[in-house]
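2 protein chains.
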Amino acid sequence: MEPDALAALRGLLGEARVLTEPADLAHYGRDWTRQVAPAPSAVALPESAGEVQAIVRWAIAHRVALVPSGGRTGLSGGAVAAAGEVVVALDRMNRVLDFDPIDRSLTVQAGIATEAVHNAAAERGLFYPVDFASKGSSQIGGNVSTNAGGIKVLRYGMTRDRVTGLKVVTGTGEVLDLNRGLVKNATGYDLRHLFIGAEGTLGIVVEATLALAEPPADPKVMLLALPDAAAIMRVFDAFRSAVALTAFEFFTDRALAHVLARGAQRALDTDAPFYVVCEFDAVGEAEARALAAFERCAGDGLLLDGVIGQSGAQNAELWALREGISESLAPHLPYKNDVSVRVSAMPAFMAEAQALIAREYPDFEVVWFGHIGDGNLHINILKPQALAHPDFVRECGRVTALLGEVIARHGGSVSAEHGVGLLKKPYLGHTRSAAEVELMRGIRRVFDPHGILNPGKLFD
Amino acid sequence: MEPDALAALRGLLGEARVLTEPADLAHYGRDWTRQVAPAPSAVALPESAGEVQAIVRWAIAHRVALVPSGGRTGLSGGAVAAAGEVVVALDRMNRVLDFDPIDRSLTVQAGIATEAVHNAAAERGLFYPVDFASKGSSQIGGNVSTNAGGIKVLRYGMTRDRVTGLKVVTGTGEVLDLNRGLVKNATGYDLRHLFIGAEGTLGIVVEATLALAEPPADPKVMLLALPDAAAIMRVFDAFRSAVALTAFEFFTDRALAHVLARGAQRALDTDAPFYVVCEFDAVGEAEARALAAFERCAGDGLLLDGVIGQSGAQNAELWALREGISESLAPHLPYKNDVSVRVSAMPAFMAEAQALIAREYPDFEVVWFGHIGDGNLHINILKPQALAHPDFVRECGRVTALLGEVIARHGGSVSAEHGVGLLKKPYLGHTRSAAEVELMRGIRRVFDPHGILNPGKLFD
Chain A
1 MEPDALAALR
11 GLLGEARVLT
21 EPADLAHYGR
31 DWTRQVAPAP
41 SAVALPESAG
51 EVQAIVRWAI
61 AHRVALVPSG
71 GRTGLSGGAV
81 AAAGEVVVAL
91 DRMNRVLDFD
101 PIDRSLTVQA
111 GIATEAVHNA
121 AAERGLFYPV
131 DFASKGSSQI
141 GGNVSTNAGG
151 IKVLRYGMTR
161 DRVTGLKVVT
171 GTGEVLDLNR
181 GLVKNATGYD
191 LRHLFIGAEG
201 TLGIVVEATL
211 ALAEPPADPK
221 VMLLALPDAA
231 AIMRVFDAFR
241 SAVALTAFEF
251 FTDRALAHVL
261 ARGAQRALDT
271 DAPFYVVCEF
281 DAVGEAEARA
291 LAAFERCAGD
301 GLLLDGVIGQ
311 SGAQNAELWA
321 LREGISESLA
331 PHLPYKNDVS
341 VRVSAMPAFM
351 AEAQALIARE
361 YPDFEVVWFG
371 HIGDGNLHIN
381 ILKPQALAHP
391 DFVRECGRVT
401 ALLGEVIARH
411 GGSVSAEHGV
421 GLLKKPYLGH
431 TRSAAEVELM
441 RGIRRVFDPH
451 GILNPGKLFD
Chain B
1 MEPDALAALR
11 GLLGEARVLT
21 EPADLAHYGR
31 DWTRQVAPAP
41 SAVALPESAG
51 EVQAIVRWAI
61 AHRVALVPSG
71 GRTGLSGGAV
81 AAAGEVVVAL
91 DRMNRVLDFD
101 PIDRSLTVQA
111 GIATEAVHNA
121 AAERGLFYPV
131 DFASKGSSQI
141 GGNVSTNAGG
151 IKVLRYGMTR
161 DRVTGLKVVT
171 GTGEVLDLNR
181 GLVKNATGYD
191 LRHLFIGAEG
201 TLGIVVEATL
211 ALAEPPADPK
221 VMLLALPDAA
231 AIMRVFDAFR
241 SAVALTAFEF
251 FTDRALAHVL
261 ARGAQRALDT
271 DAPFYVVCEF
281 DAVGEAEARA
291 LAAFERCAGD
301 GLLLDGVIGQ
311 SGAQNAELWA
321 LREGISESLA
331 PHLPYKNDVS
341 VRVSAMPAFM
351 AEAQALIARE
361 YPDFEVVWFG
371 HIGDGNLHIN
381 ILKPQALAHP
391 DFVRECGRVT
401 ALLGEVIARH
411 GGSVSAEHGV
421 GLLKKPYLGH
431 TRSAAEVELM
441 RGIRRVFDPH
451 GILNPGKLFD
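The listed protein sequences correspond, in order, to chains A and B.
Heads up: the first sequence begins at 1 in our numbering, then just goes up one per residue.
Heads up: the second sequence begins at 1 in our numbering, then just goes up one per residue.
What the hints contain is simulated information worked out from the structure, not anything from laboratory work.
Using N, Cα and C, we set each Cβ at its ideal position, and we do this for glycine too.
Hints are all accurate, no fakes.
If you want the ones that stay clear, here's a sample from chain A, every Cβ over 10 Å from chain B, calculated:
#1 A5
#2 L6
#3 W32
#4 A54
#5 R63
#6 R92
#7 G312
#8 R394
Part of the chain A face toward chain B, derived, beta carbon under 10 Å:
#9 G157
#10 D237
#11 V283
#12 G375
#13 V420
#14 Y427
#15 P449
When you get a sec, could you build the whole thing from the sequences and use the hints?
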């Protein structure tokens, strides 16, 4: 970046909010992926929508690329700045701006952490249901930009289903105030939904209005042990028919071993190849119906064992077996596949994917878990100690391309909830047609004609 | 249209499926609005997505504009063909293509009637919840293209919340197969949501995959009589806190008078200025809680009277008082305003709108009703016998512009669920900013570079 450009940026934000120290560049230049080395030229810390607008106009004038940056917990490299970009970190825009008890809506700045939104909702007697392991660090702007899902999609939907208003700054520096919390608004294209999942390529999200829900009545959590993969979807169907499920999450014995090795409490004595954590509210006869479903499944040989949480603390312990998986794998530098198919396609897809992976990764440890009630599997390949990281990534990329063909055959997605970013770009064509990508390219030119917003991400 | 163009179209579809008789042109050229005279040059009746694609390619080659056409129950002129266009009527594409019991999804062609979808879902033990008075004629393609809402949005959401897959033909003749029923798919811009509510200006919807719901358990319907406008939102809040409402619909004494004059059964002896029909499922203690809410509201002077349906037949009679309004007004050629604000803004907005309308329409009969639980009001102005229709429309347009300013001040929408079409175009700027409209224009050029899809609708 030219020195006069940097000076102009400092003129906009002040010295203290434009970082250029190597440690800051390294910190703000990457997300939870570790495949691409960070190399931004500066980090800008705006404190208002107006300052974000000023940064965009500055970027246009000086032809500098921007990388919008939230909690940087992303797993596809969407927030990585590896090519001299300026990182626009929303950290200082983390306030609750408004709450309305009639609309049951919370308006927040984009840099607020997901967990802070949970807390803000709870303090007001309500509930923000988008929930996942990185909630302490991830920010709402990032949630919006990847349409974050998580563990309660089954009942409450994705981030998309919660956003009733969105304020964004486009690539031309326009501030758009989209939908403003309306339930019904049939006045042309819903641009709000275009920004949700756009990974910061169409604009920078600066505020969001979120629809809150009633708090869960009396959540019950069960851990189930299953004899084989074929049982998973049959148990899902039995429980879904019995109760209104909030979550239905599965993981393998290998995933459990990693979580237990990190100190989690064993909850069942029975060893099984597959486990499920499910949750539902104990309204009316729900608990009795769930237990009856359990007995029926056990009688049919679909369940080996199970336990139901008897307290909030025990529920938390059961959830920890599922929620702790990602963290327990982190030291092994896992290569992550985050794929989905229609729920009905899951048994056939899973059998084919398992066979492919067993064949192609004979020597790698593979850990399966995920939101199987949404048709979403996380397949984590662990790096063998002896293998160099670049070789490991190259080998995983080769198999991901093969997996992409299986996904395409089953009509699925190469990224269910992690986005495309840098890492999944080579596989986008397995899920989106060439015509779709060309239309996306056209839309991007409309919103970012100068090509300054997260260039190189999503597609070229 | 040039004779060789017409001959080429007949070559594609055969003589019988290209209509040019004056009666057919008049029938297919208009929707439920009566303000613009229909004048299409032909009507095409495709039977497959491939034929729709062929029609689009033909239109590009011969520079002919197309008007996609469903049940033509629209109230904003979005399906009117008044300028020599070719109407593409989806009537013959009305089949159920697929049902999956695990995904609980129904894939249908775009020309299927809304009510036929209700029936197809019920035959499979499930429920399609998008429900409104014109369901017998309206088609799914039109529902998608206006993001249809209706009476059960409070619990089940809009059409947007039900569409998990969409097949469309764009203005360049590309067939897009969007999202294919996936719950989670984070692979770039969700083009599906762009087509929902686009009023046929970006592409022609040819198929939709719809998420079905569990059928309602045991629906209870109440009719409530309220003493004043201020009570409406307070009663809403009391009932919403007591039970999970499926619907909360309001109408005035004038609306009731029209429905009763058309033969509906009176259900309450008490005369009141405002009425509400609400619905909830009688699960657990819901009925007792609703009755307690009723008693509390009556004690606070917010309710004058009420009745709860004791049978399916009585529920239907109560609903008929609300559902019959539009039809009862039709002979009076009403000018329709379909506006929304945030639910919290409703009391202040309604007071201001009522004052404006009383002042500006001293001699016109005005009938208010709507989905007030969604912040959505239908304000119908009835034409006095003595006034010529063009004069009436001009006068209503003048007041609509004033109402638009009130709506803008309250952050609302000039079209909550009817779309923009031709009739609401002059008021679009009260809800969408100039920057938003310019972006919409850019998107339209990407999807329809030849300007053949419903030109002149939504915006110029």
